[in-house]
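Student: Protein chains in written order, with my numbering: chain A, 1 to 158; chain B, 1 to 435; chain C, 1 to 133.
Please keep in mind that the hints were generated in silico from the structure rather than gathered at the bench.
Treat the hints with care, since some could be wrong.
As the list claims (entries may be wrong) - Sample of chain B residues lacking proximity to chain A, with all beta carbon distances greater than 10 Å (derived):
(1) 4
(2) 30
(3) 113
(4) 205
(5) 206
(6) 207
(7) 224
(8) 326
(9) 372
(10) 407
Said to hold, decoys possible - In silico DSSO-like cross-links for lysine-lysine, where the CA-CA straight-line distance does not exceed 27 Å:
(11) 57(C) - 59(A)
(12) 59(A) - 154(A)
(13) 113(C) - 99(B)
(14) 251(B) - 304(B)
(15) 88(C) - 56(A)
(16) 127(B) - 112(C)
(17) 118(C) - 100(B)
(18) 208(B) - 192(B)
(19) 60(C) - 154(A)
(20) 118(C) - 127(B)
(21) 7(C) - 8(B)
(22) 12(A) - 52(A)
Quick caveat: nothing in here was measured; it's all calculated off a predicted structure.
Note that the Cβ used here is the ideal one computed from N, Cα and C, for glycine as well.
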Amino acid sequence: MVVPAWHVEFLKQPLSFWIATTNLENIPEPAKCTGVSFDPETDTFTCFVPSKFTEKTFKDLAENPTMALVGVELHTYEGYQYKGQYLFQRECTQDEIDFQYKYMKEFTDILDSFGYSGPGYLKAYIHPPFKAIIFKATQVFDQSPKVGTGGEIKTGQS
Amino acid sequence: MSALEIEKLSSLLAESNRKMEIFRKVSFELNKLVNLPEKLQTILAILDEQFGMANSMILIPDHDKQVLTVFAGHGYDASIIGEQVAFGQGLIGLAAVRKKHINLTGIRRKQHYLATVSNEGDLNFVKPIGLSDAESQVAIPLLANDELVAVLMAESRNFCVYDQSDENFLITLAQSLAVSIQNSMLYDSMEKKIKERTAELQHLNNTKDKFFSIISHDLRGPVTSFQSLTRLFSYYNKEGQSDKFESLCSKVEQSVDTLNHLLENLLDWSLSQTNGIQCSFEVIQLREFIQTIVDIYQPNLIAKEIELSLNADNTTCIRGDRHTLATVFRNLISNAIKFTPRNGSIRISSALEDEKVRIELRDTGVGMDCRRLLNAFQLQGQRSTFGTEKEKGTGLGLVLVKEFTELNEGTIDIQSDPGSGTIITLLLPNGKPTR
Amino acid sequence: MNQSQVKLEEIMPALQGVIPSIVATSSLEHIPNVTYISQIYYVDTDHVALSFQFFNKTIKNVRENPMLVAILTCPVHYSLYKLTLRYKESQTSGEIFDNMSMQLDALAIVQKKEHIFKLRAADIYEVISIVHV
Chain A
1 MVVPAWHVEF LKQPLSFWIA TTNLENIPEP AKCTGVSFDP ETDTFTCFVP SKFTEKTFKD
61 LAENPTMALV GVELHTYEGY QYKGQYLFQR ECTQDEIDFQ YKYMKEFTDI LDSFGYSGPG
121 YLKAYIHPPF KAIIFKATQV FDQSPKVGTG GEIKTGQS
Chain B
1 MSALEIEKLS SLLAESNRKM EIFRKVSFEL NKLVNLPEKL QTILAILDEQ FGMANSMILI
61 PDHDKQVLTV FAGHGYDASI IGEQVAFGQG LIGLAAVRKK HINLTGIRRK QHYLATVSNE
121 GDLNFVKPIG LSDAESQVAI PLLANDELVA VLMAESRNFC VYDQSDENFL ITLAQSLAVS
181 IQNSMLYDSM EKKIKERTAE LQHLNNTKDK FFSIISHDLR GPVTSFQSLT RLFSYYNKEG
241 QSDKFESLCS KVEQSVDTLN HLLENLLDWS LSQTNGIQCS FEVIQLREFI QTIVDIYQPN
301 LIAKEIELSL NADNTTCIRG DRHTLATVFR NLISNAIKFT PRNGSIRISS ALEDEKVRIE
361 LRDTGVGMDC RRLLNAFQLQ GQRSTFGTEK EKGTGLGLVL VKEFTELNEG TIDIQSDPGS
421 GTIITLLLPN GKPTR
Chain C
1 MNQSQVKLEE IMPALQGVIP SIVATSSLEH IPNVTYISQI YYVDTDHVAL SFQFFNKTIK
61 NVRENPMLVA ILTCPVHYSL YKLTLRYKES QTSGEIFDNM SMQLDALAIV QKKEHIFKLR
121 AADIYEVISI VHV
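One chain only, chain A, in its complex shape (with noise of 0.2 Å):
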């Protein structure tokens, strides 16, 4: 396993997450994640994504399969980008819906604490219908704000 077991905590607070896929030519393209979910059993993301925001994203996976997801934590700022292949999307379930209806929720509270606009992030970021793209990870990098940042994480390491 590429993700470390303390990641699956880490994963299920209101992280503001982002993937991003780029195609043959080297034309990266972000995508705002509407929620996210880990398999640990497999290393497996499910990334909950508007289909207003997935034209490229698709388009890019189709020709290359690599895709890369950013989890950063609101308040400290700790993060860690988690690259991989890119398996498969399909529809959301109304589970999933729910859920991220629920994240955004969460997330935005936390802005919105900020002084930011809740409800302005909500129209920004939600659009249904969402996509759910899975991939797999094989490697996890260190995001977090500091001198030396970037550097992968194996195993076993925090």
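On the provided structure of chain A, position chains B and C as indicated by the hints.
Tutor: Below, chains B and C without anything else, positioned relative to chain A:
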């Protein structure tokens, strides 16, 4: 042209008109003849009304002390006028040092980010002047001829966003503010200088007036007296009454002494007015020093049958300039003799008091009323007074005594009542300090 | 998705650093990288500047492959804008560098951390396109 383009142009035009209106209002205020703080307060109020700058301040730099002081403020609860920030400190200090405007938004998030990233725990702020929870701040240095005249700072608890055009407008406005502030400050500084020069000229004028008054009145007396005496000498010589010569000689001697004393005082006073006195400090044995001066006046004491006692320890010393202190004591003793009636007494005593020596001159003279006492050390309104036996003076005596006492780091005090005599107390530095 | 072109001046609020931006890059081996950046600075109608202190992979990618895509959020309307940028050069002096450096200094000095935070370079990017997402 599409409707959207027309709407955009209309919006730009409205914005342009709004800014012109701000300029007009600000220019109007800048041209008003009111004091600078009032002017700046009004301008800050206009910027709030027109630009939404709810909290703003203008700071004036002190280049010597390297601080900026709040000169005008708008929108703050407590008065922040007079609060200071060092050059280079925070947004305001940086804008002052680098003479460039700075515009920051989302300050609290950015500060939190820096604090977190530096792993030094939570926010460790230098306490800012103004809002402690500002989200947006803009600081604009007001420059005239590349010289920093002031800093305009505006801040808000909201995310205020100034676009390029707003920033450029504020910077342009800042120029007219800078010139106006500089002119006002130059004007104030010139006014102050003019007042100082006027006072200085007035003082010099008074000195000149006094000088001429002394020459025209006080010195003429002794000279006229010499004239009369020479005529008398001539007359008695013709009449062959040489026995009268001796009494005439003693009168000549008296007149010479008086004239000499007057001239000495006049010279000393003139020198003190032009800062020509050079003091040379030394340790002086007090008893011996005063006795030397008393000896000069022995004939006068004998003539008026005045008893003078000197009660000073042989070991007591003072520290001062011999020449100026001699002038002090000469004048004090001379005055005491002048204003003490026949058969009176003068007592001079000394005592140690910490690092000072207290010297007291007590006479049984005519004393001074309140008015004379009040003006004893004033040059203005000084009129020479005649002694109990018509002795002449210049009115400069006590003025000189005070000036020279202070020159020797001492103090003087007079207590007097009409008919009850006068006590003059001097406190002079001890020539043998205990420390 | 609304693909209408937007001018840089129209999204000035998003360039104030109120809401951090996300940037994505790609290595020459087609491996994407995504990270947050505190602020994207306006330079002129066709250029922006980014400053990196800790994002080594992003800088490494951009030096090999100059294309970078950023998502900015407008703090006024919460609209999203996708900027496609091409890396042009790094500046360690000049007006843009000074202005960015001053902003960082103004924040760091208040916390007495000016010794920790110093701007290393201002990376200048040409704006290829801006779309309202």
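Student: If a hint holds in the structure, say so; if it doesn't, say that too.
Tutor: A quick look at each hint next to the structure:
1. For residue 4(B), the non-interface assignment is confirmed: its Cβ lies about 23 Å from the closest Cβ of chain A, beyond the 10 Å cut-off.
2. Against chain A, the non-interface label of residue 30(B) holds: every CB pair exceeds 10 Å, the least being about 37 Å.
3. Non-interface call for residue 113(B) relative to chain A: violated, since the shortest CB-CB distance, roughly 7 Å, does not exceed 10 Å.
4. Interface exclusion of residue 205(B) from chain A stands, the closest Cβ pair being 68 Å apart, more than 10 Å.
5. No Cβ of chain A comes within 10 Å of the Cβ of residue 206(B); the nearest lies about 68 Å off, and the non-interface call holds.
6. Every beta carbon of chain A lies more than 10 Å from that of residue 207(B), the smallest distance being close to 69 Å; the non-interface claim holds.
7. Once the 10 Å rule is applied to beta carbons, residue 224(B) is consistent with being away from chain A; the minimum gap is 94 Å.
8. A cut-off of 10 Å between C-beta atoms confirms that residue 326(B) is not in contact with chain A; the least separation is 78 Å.
9. For residue 372(B), the non-interface assignment is confirmed: its Cβ lies about 75 Å from the closest Cβ of chain A, beyond the 10 Å cut-off.
10. Under the 10 Å C-beta cut-off, the non-interface status given to residue 407(B) relative to chain A holds; the minimum distance is some 67 Å.
11. Simply put, residue 57(C) and residue 59(A) have alpha-carbon atoms about 24 Å apart, close enough for the 27 Å limit, and the pair holds.
12. With a CA separation close to 31 Å, the supplied pair residue 59(A) and residue 154(A) exceeds the 27 Å bound.
13. Restraint check for residue 113(C) and residue 99(B): the C-alpha separation of about 22 Å stays at or below 27 Å, so the hint holds.
14. Note on residue 251(B) and residue 304(B): the hinted pairing holds, with a Cα-Cα distance of about 15 Å set against a maximum of 27 Å.
15. A threshold of 27 Å between alpha carbons decides the hint, and for residue 88(C) with residue 56(A) the separation of about 25 Å falls inside it, so the pair holds.
16. Of the pairs offered as hints, the one joining residue 127(B) and residue 112(C) holds, with about 11 Å between alpha carbons and a cut-off of 27 Å not exceeded.
17. For the proposed pair residue 118(C) and residue 100(B), the alpha carbon gap of about 18 Å is at most 27 Å, so the pair holds.
18. Proposed proximity of residue 208(B) and residue 192(B) is supported: the alpha carbons are some 24 Å apart, at most 27 Å.
19. Taking the CA atoms of residue 60(C) and residue 154(A), the gap is near 21 Å; set against the 27 Å cutoff, the hint holds.
20. At roughly 22 Å between alpha-carbon atoms, residue 118(C) and residue 127(B) fall within 27 Å of each other, so this suggested pair holds.
21. The straight-line distance between the Cα atoms of residue 7(C) and residue 8(B) is roughly 14 Å, inside the 27 Å bound, and the hint therefore holds.
22. Taking the CA atoms of residue 12(A) and residue 52(A), the gap is about 25 Å. The hint holds against a cut of 27 Å.
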